[in-house]
Amino acid sequence: MPNDERRMSEPRTGNPQSTIENRQSKIPRVGVFVCHCGINIAGVVKIPELLERAGIMPGVVVTKDYKYCCSDPGQQMIRDSIKNDKLDRVIVACCSPTLHETTFRNACGEAGLNPYLCEIANIREQCAWVTEDKDAATTKACGIVRTALTKVVEDQPLDAITVPINKRALVIGAGIAGIQSALDIANAGYEVVLVEKEPSIGGHMAQLSETFPTLDCSQCILTPRTVETGRHPKIKLMTYSEIDSVSGYVGNFKVKVRQKARYVDFKTCTGCGVCLEKCPGRTEGRFERGLTKGKAIYRLLPQAVPNKPVIDAEACIYLTKGKCGNCAKVCPTGAIHYDDTDKFVEEEVGAIVLATGYELFDATKLGQYGVGLVPDVIDGLAFERLLSASGPTSGEVKRPSDGKTPKKIVFVQCAGSRDSTVGMPYCSKICCMYTAKQAILYRHRVHDGQATICYIDVRTPGKGFEEFYKRATDDGIQYLRGKVSKIFRQGDKVMVWASDTLAGRKVELEADMVVLATAVIANPDGVGLARKLKTQIDTHGFMTEAHPKLRPVETLTAGFFLAGCGQGPKDIPETVAQASAAAAKLLAMFGNTRLTHSPTTAQVDEEICVGCGYCERTCAYDAVKVDPVKRKAVVNAALCEGCGACAVACPSGAMTHKNATKKAIFEMADSF
Amino acid sequence: MTKYSYYPGCTLYTKARSLDLCARKAAERVGFELVEMPSWNCCGAIYNATSDDLAAQVGPVRNLAKASQMGDKLVTLCAACHNVLKRVQNRLDQPGNEVESERLKTFVDEKFEHPVKVLHYLEVLKNDIGWDAIKAKVIKPLAKLKVASYYGCLMVRPKEVLEFDDPENPQVMDDLMRVLGAEPTRFDFKAECCGGYLVVNRRDVAKSASQKILDNAKAWGAEAIVTTCPLCQYNLDKLRVMTDGALPVFYFTQLLGIAVGLTQDELGLEHNAGDPVGFLKAKCLL
Amino acid sequence: MATSSNSSELLRQIETLSGQAVADCYQCGCCTSGCPIGEAMDPPPSKAIRLLQLGKVGELLESGGIWLCASCLVCGTRCPRAVDYARIAEACRVLILRSKQSRVDPDTVTAPELEEIPQQAFIAAFRKSSV
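Residue numbers (the working numbering), protein chains in the order written: chain A, 6 to 677; chain B, -15 to 270; chain C, 16 to 146.
Among the hints, erroneous ones may be present.
[Said to hold, decoys possible] Listed below are the simulated DSS-like cross-link pairs for lysine-lysine, each with C-alpha atoms no more than 25 Å apart in a straight line:
#	chain 1	residue 1	chain 2	residue 2
1	B	202	A	413
2	B	143	A	498
3	A	409	B	119
4	A	498	B	202
5	A	261	A	241
6	A	498	A	409
7	B	110	A	370
8	B	121	B	110
9	B	124	B	265
10	A	498	B	191
11	A	326	A	283
12	A	590	A	261
13	A	259	A	348
14	A	239	A	348
15	A	590	A	265
16	A	370	B	143
17	B	191	B	-13
[Unchecked claim] Here are a few chain C residues that sit away from chain B, every Cβ distance over 12 Å (derived from the structure):
#	residue
18	21
19	33
20	37
21	56
22	65
23	119
24	123
[To be verified] Reference listing, derived: stretches of chain B covered by chain C, where coverage requires no fewer than 3 residues with Cβ under 8 Å from a Cβ of chain C:
#	segment
25	-11 to -5
26	137 to 144
27	185 to 199
Derived from the structure by calculation, the hints contain no laboratory data. Backbone N, C-alpha and C define an ideal beta-carbon position, used for all residues, glycine too.
Taking the hints into account, I'd like the entire structure generated from these sequences.
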């Protein structure tokens, strides 16, 4: 990063857009444009009175109003007035600047006025929308326009900052979302670093047996993608790795990746699998959801990409006690290296996609359901492993307790979801569909098996979903409307207290096995990562999008994009769509030569600054550092988000905020 | 020896007197003394949850006022009394309830010195005495007797007020049983209702609710059940819901008493239905 | 008899006495599923709340179900919307008792029952069901 990029004390000159002199004139010529916004503003604020009172404010040379200023004719009116009335400042009294500040600033720029000499007076959200009293609203609107006038007169013309872009991407998480994003970016010709914390890629989709509503075999549709990812020349795949830190800013991130010690040399390992047969060490078996124990040296599934095992150091008998060593003895290529260590790799990228995925809520926290106490009560992913051909029972549905085939299964929906008392008031979206699927698949395997699904509502909003639900009921699967209150043991059966609210009574069901559709929660590792990266998460740990309707794959932190269930529960088609959308947004960013950044940043007066460092401690974006040699604060304008906190913290007044100086703010407060 | 103010409640004072005496003697062996509050009155047996029913709260308020003059703690042995007294104390302390609280206190002659901490005997054992100290006093370990710990609904709910362990799978009494040398079994009905006072006018309902509890205890292999409330003990025991293969139902202080070496006469076994003496002798516990 | 105008007044009283808002209930049925009284309670808790949501207050007040609630509080503890049916049933009972109508007559208790059943059961039963 060249040093001169950091010194943003002087605005740049030579902006081709400024054909009008942009010096601050002693007597400004301000135009005030009042928007009716239909009846949103005009229904409460008395526009003629506002225009009259604004017209006599000092510096205002023209006032105009229009029904919808943001429309083309509205903007044209502003552009024409800038030229005809020779304006050098513009105020638009309208809605919140978050909506149309950019619109009006661009309009000014097109008319030859520096965009940063245009201010918005929010007389809608801050005025017309909070009262029905017309007189009070009009008076307040005048006050708001006056403060905007005070500010705009102090404003300096500014030029946007540009920064270079490193056109390399980082995708964190290699479930189907991360894989899809990575492939889209790589196929567009850019290099992608794909980091995954598990030893192989595929995420939860790799654990599924078949997917709704098509009943496609999950592995069959996933493996083409995983194989392509593994061999793609533009994808640098780092599995069994985690993000240690990220520094920098959009277009210029420095990422430190921790590659965990694998104890298996990927270059010499051929993936033959002999070591797997001889290992006596045991783990919890997370991939199999606890149905069987895993081995200390393991790969997640036979079709793993990369198809090389890793050793879980805590379960390995050699690494913990110095005994065994079977795998090293049988390995034909000598690929086992017990002296392996974690390694750190530094990568430089320009943009990052967060695709950390989901987990299922720990059902042992729902004490009334008896998980861990009553045998044969399992969650949805565990049942998926029973159904899966590569699972612990080779796809035969068997009771975990005694291996017998269950003849009656009760599926319990909403285990934790839609329940504010356990902290998950939301609907997990996928469970109605996957439960119907699991019941159908169970009946495929066990022809005389009976399935009962206890539900509150059946939600089928996707293509083919309602028809799939009908398929389930046509197959004789019984839907019983009533949330389950308790699950307990009776002999070797599992008893379920449910109800039939449609008939209005309690029902006691006897089953051989119970499957809980537990709530979908954000992957706890993803939540931890978001905290480290300071990207936004909501109260449930899901990543927050920049706008819930219109910007679902971006975050408010420039350069970070979102894909998949880390942002909220969703099914595979939606995940893939969102992943491609995130890639598209990222590629749109890469399509520029340089990135522009708002110039309303902090600036240091070096003659006053003593290098006390208060600004550095205050900054949430790491945008201000005290130069140790010069003992002066230096602002990285590209990282600076213009929040103003440093200017407030600065005890000497050396730090100011462009176009939001202390003088301006005090005068604005007085003028209201 | 630490002394605690003690509130026996109507049933333990009369019909279940033997359980009260057993509990006091066991307490002494373990290292604390229960001193009965003078002239206590009925707690009301069940908490009245209606927002404006103040008359029902006066009885318990008087008990708490008297207790406050004697110290800051009050020990109960019956889950129902515990539930009422603790909830009433909580109601008095609720922020925003000051007007009602003052009004209630003016209805009793006794001055309310300060809020009283209402404790169940089990909480004294766990928090004040401690499992290690109790283990040291065990003379006759309970020979790995398979015991289902039945807490009953009033012991654990409402959970924000009673703050007594996890309402879905409480462990306190199970821990006590383990310390005494018994083997607490898994049990899905630890805090499901036995029917309670419905035994008065709907015996069938109390029987059916109790039946489920006993069935589940048996399903997990329990040989006996322990309870914390004389009414629960009655419903599970004397109602004889299971005529064939009935499980003996003890009060937890009876098993505590055996373990710390009380004599047979001191255990109050005449209160239990069936043949508790024969059962205990067969287990070499008497 | 409850007419529609005094129906809404009765509902308002029930909600005030119980501190619960019947509109919070989304009829999942968990309360009914977990009620230890089971089929003997008619209407069961979720159906009872449904009657109130539909304004059929009189029908609920005339039912036998509200007298069978033992206030074990399982319904309110497990409700995903934290609606406490036990307090609603208590409010219904209280409205009837305050109009001087008893449900259980203490004189029906026999001497052997009085002898055997723990008196705390009698106290509780009569406080909940008699004037």
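To see whether the hints hold, each was checked on the structure:
1. B/202 / A/413: holds, 23 Å
2. B/143 / A/498: Violated. Residue 143 of chain B to residue 498 of chain A sits at ~30 Å, over the 25 Å cutoff.
3. A/409 / B/119: violated, 43 Å
4. A/498 / B/202: Roughly 13 Å separates the two Cα atoms, so the pair holds.
5. A/261 / A/241: holds, 15 Å
6. A/498 / A/409: Answer holds: residue 498 of chain A to residue 409 of chain A is near 12 Å, not above 25 Å.
7. B/110 / A/370: holds, 24 Å
8. B/121 / B/110: holds, 14 Å
9. B/124 / B/265: With a Cα-Cα distance of about 13 Å, the restraint between residue 124 of chain B and residue 265 of chain B holds, given a limit of 25 Å.
10. A/498 / B/191: holds, 23 Å
11. A/326 / A/283: At roughly 17 Å apart (the allowed maximum being 25 Å), residue 283 of chain A and residue 326 of chain A satisfy the hint.
12. A/590 / A/261: Answer holds: residue 590 of chain A to residue 261 of chain A is near 24 Å, not above 25 Å.
13. A/259 / A/348: Holds, because 16 Å separates the two Cα atoms, which is no more than 25 Å.
14. A/239 / A/348: holds, 22 Å
15. A/590 / A/265: violated, 31 Å
16. A/370 / B/143: The given pair, whose Cα atoms are some 15 Å apart, holds under the 25 Å limit.
17. B/191 / B/-13: Judged against 25 Å, a Cα distance of about 39 Å means the pair is violated.
18. 21: holds, 19 Å
19. 33: Violated: least Cβ distance 7 Å, not greater than 12 Å.
20. 37: holds, 16 Å
21. 56: Nearest chain B Cβ is 8 Å from residue 56 of chain C, so the label is violated.
22. 65: Consistent with the label, residue 65 of chain C stays out of reach of chain B, its closest Cβ about 21 Å off (over 12 Å).
23. 119: violated, 5 Å
24. 123: violated, 8 Å
25. -11 to -5: holds (count 3)
26. 137 to 144: That given contact holds, which follows from 5 residues of the segment 137 to 144 of chain B lying within Cβ reach (below 8 Å) of chain C.
27. 185 to 199: holds (count 7)
Violated hints, listed in ascending order, are 2, 3, 15, 17, 19, 21, 23, 24; each of the other numbered hints is respected by the structure.
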